[in-house]
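Enquirer: Residue numbers (this note's numbering), protein chains in the order written: chain A, 1 to 502; chain B, 503 to 629.
Since the hints were made in silico from the structure, they are not lab data.
Among the hints, erroneous ones may be present.
Said to hold, decoys possible - Below 30 Å or equal to it, Euclidean Cα-Cα: the simulated DSSO-like pairs (lysine-lysine) are:
#, chain 1, residue 1, chain 2, residue 2
1, A, Lys112, B, Lys611
2, B, Lys611, B, Lys600
3, A, Lys112, B, Lys600
Said to hold, decoys possible - Chain A residues, not near chain B, derived (Cβ > 12 Å throughout):
#, residue
4, Gly149
5, Val151
6, Met177
7, Val386
8, Gly496
Each residue gets a CB set at the ideal place from its N, CA and C atoms; glycine is no exception.
So the chains spell out like this:
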Amino acid sequence: MNHLPALLVVVPLFFAMAAPLVDIIHIGLRRFWAFAGVLLHLAVAAGLYRAAAAAAAGGIGPLVYPLGGWPAPYGISLVVDRAGALLGLVTALGALIAQIYSLASIHARDGKYYVLVELLVAGMSGVAVSGDVFSLYVFLELVASATYGLVTFERTRYSLEAGFRYMTFGALSGTLMLFAIMLVYRSCGTLSMAHLAVLLPAAPRPAALAALVLFVVGFGLRAGLVPLHTWLPDAHGSGPSAVSALLSGVSIKASVYALARIVLTVYHGVDSGVGDALVVLGGLSIVVGHLMALRQTHLKRLLAYSTVAQVGYIVMGIGLGTREGVAAAAFHVANHAVMKTGLFLSAGILGALAGTFKIRGIGRTALMAPYTTISFIACSLAIIGVPPFAGFVSKWQLVDAAYSAGRYLAGSLVPVGTVISAVYYFRLAGILIFGAHREHGLIHEPVPRAFALVPVAALALASWAMGIFYSGPLAAAFGAADDLLNAERYVRAVLGGGALFQ
Amino acid sequence: MTVVTAAYLAAAAVFCVGLYGIMTKRNLIRITMSVSFIESAALLALVASGYEAFGGRPGAGTEMACADPVPHALALTGIVIGVSTTALALSLIIKLYKNYHTLDVADIKDARRRWLNEEPEGRVGAG
């Protein structure tokens with residue numbers, strides 16, 4: 001019996017909990033310990049993705065890991081398919097990149113940081129493999145708790161206030177999920193997602209719909225969907241840059257994945273109006289996110305508002321509910337993780353060099369760090385959607401999917417958003433290269449050591465390579481979409497004595 | 503009105519009180535209390551749904567009728583999560599107070615807006 005699905009959660013949890021013990025032995029070991037944890041998790045995530053892809057290629061479908069040997073629906077099962085495994089892989093790679101950057105920037109004294117990152121990774125992995133709604137809720141709470149700590153652990157004035165607001169919204173969202181779980185359990189008597197997928201169509205309509213609305217609002221709050229986004233720019237813009245990158249690039253994808261899993265698999269797709277609602281919310285997020293980013297004066301807040309808009313693209317793809325739309329969303333999840341992590345990390349270097357994250361203070365920073373600026377501009381081009389870069393492929397897919405689903409207005413919002421984002425990213429590039437250096441800032445963030453450029457340049461290269469050699473990632477995205485949309489195969493795998501994980 | 507209906511209504515009322523508090527109160531501690539209110543509402547609803555015997559449950563309608571333990575187990579987990587979140591929020595409030603010397607959300611927001619427009623950011627001491 002192969003225990004990879006459980007290990008995906010257990011490895012980061014173990015490394016998080018054992019980190020203080022390692023400190024007792026020698027404080028210098030802390031970084032290597034954290035690094036080993038992230039690497040081992042990456043190996044597990046890669047193995048899991050290979051297993052899921054091989055099972056799908058062999059026509060077996062999702063792999064099921066019954067915890068303690070108790071079969072579903074009585075026991076708790078972990079379910080691994082290509083969508084969940086993709087989330088695990090994105091998490092592992094994002095955490096690795098952030099960890100390399102942290103080695104160059106976070107002071108070794110801050111041991112809490114490494115524990116919190118491992119906890120975040122454990123929560124994300126749990127979301128990726130959980131097969132019942134309550135585990136999903138618990139792991140989402142774990143992600144949220146880890147990010148509360150990450151946002152506030154530097155204890156700057158700004159981050160304390162942002163963290164408090166984030167926590168209030170997070171607690172509200174958790175409660176809404178709990179109400180939704182209560183409703184589905186009361187009407188179906190089960191928590192297993194596969195069993196719910198079978199029983200929900202026959203359940204009382206009002207209770208099922210109310211639960212769906214509560215789920216969507218709860219996940220939407222965590223994902224920063226407009227109009228529930230007001231906490232996001234401050235929370236994502238106020239921590240250290242490695243944290244901002246983890247939050248915007250990785251952690252937000254947990255809620256997006258949970259949304260897709262519940263709407264597409266458990267509720268069998270986007271009929272009953274939820275698709276319309278998601279497309280409208282996604283379109284609203286695109287417009288509001290880009291317009292708000294346009295008028296920001298703080299570099300990291302600008303990038304955070306851009307995240308609001310990018311989540312809008314992803315949710316619009318989920319709301320379309322077609323194979324192409326969901327694949328575009330899945331591809332954009334991976335793309336956005338690469339591009340936004342690259343943007344936040346390079347912005348971290350540039351801001352630390354300039355001594356401020358205020359846009360009027362970063363003029364001419366390009367002269368101090370030419371390669372970082374090139375990486376920043378490459379990631380900007382990617383996120384705008386300029387053709388040879390990755391963002392273009394997923395946005396093109398999304399427009400194509402929206403038009404073939406007959407949603408012309410929604411599809412037209414994508415190029416509109418692209419134009420707006422081109423305005424503010426080109427303005428940023430202009431200020432970085434030609435702008436006057438008008439303000440000497442006094443932020444405390446230490447300038448990262450030179451090898452911080454390694455993860456930044458790697459991400460810039462990846463955002464370019466994923467645009468050139470897009471067929472592999474796109475096939476993976478289509479695989480994830482197939483697994484999200486095929487509820488019947490999911491149910492058969494979990495309840496019908498399908499393939500066990502071995 | 504059965505006791506279960508009464509519990510659901512109470513949960514709805516407590517939820518509304520909490521939501522009202524989150525939206526209108528300016529004091530950080532009152533906001534945290536309101537968050538605890540809505541968490542309690544969810545827990546109350548969970549416990550009530552476990553008490554309600556409905557079709558297909560072991561012992562439903564017989565003298566052996568008992569409460570469904572699953573929602574109660576969920577409520578226990580929910581309590582743990584709620585308590586830890588509240589503790590974290592209260593510790594943040596202490597830090598915020600040491601920093602801004604106020605518990606008023608509007609004052610803190612003003613200070614942040616001022617910072618975003620002009621002042622450089624200062625680090626707060628540990629403690």
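Enquirer: Now, for every hint given, state plainly whether the structure supports it.
Expert: Results for each hint:
A C-alpha spacing of about 28 Å is found between Lys112 (chain A) and Lys611 (chain B), which places the hinted pair at or below 30 Å, so the restraint holds. A C-alpha spacing of about 16 Å is found between Lys611 (chain B) and Lys600 (chain B), which places the hinted pair at or below 30 Å, so the restraint holds. About 21 Å separates the Cα atoms of Lys112 (chain A) and Lys600 (chain B), which keeps this hinted pair within 30 Å; it holds. Its beta-carbon lying about 8 Å from the closest one in chain B, Gly149 (chain A) breaks the requirement of being farther than 12 Å from that chain.
The non-interface label for Val151 (chain A) is inconsistent with chain B: the shortest C-beta to C-beta separation is roughly 10 Å, within 12 Å. Residue placement check: Met177 (chain A) does not keep its beta carbon more than 12 Å from all beta carbons of chain B (closest about 9 Å). No Cβ of chain B approaches the Cβ of Val386 (chain A) within 12 Å, the least distance being about 30 Å, so the stated non-interface status holds. Consistency note on Gly496 (chain A): stated as away from chain B, and its beta-carbon is indeed over 12 Å from all of that chain's, at 21 Å minimum.
In this structure, the hints that do not hold are numbers 4, 5, 6, in rising order.
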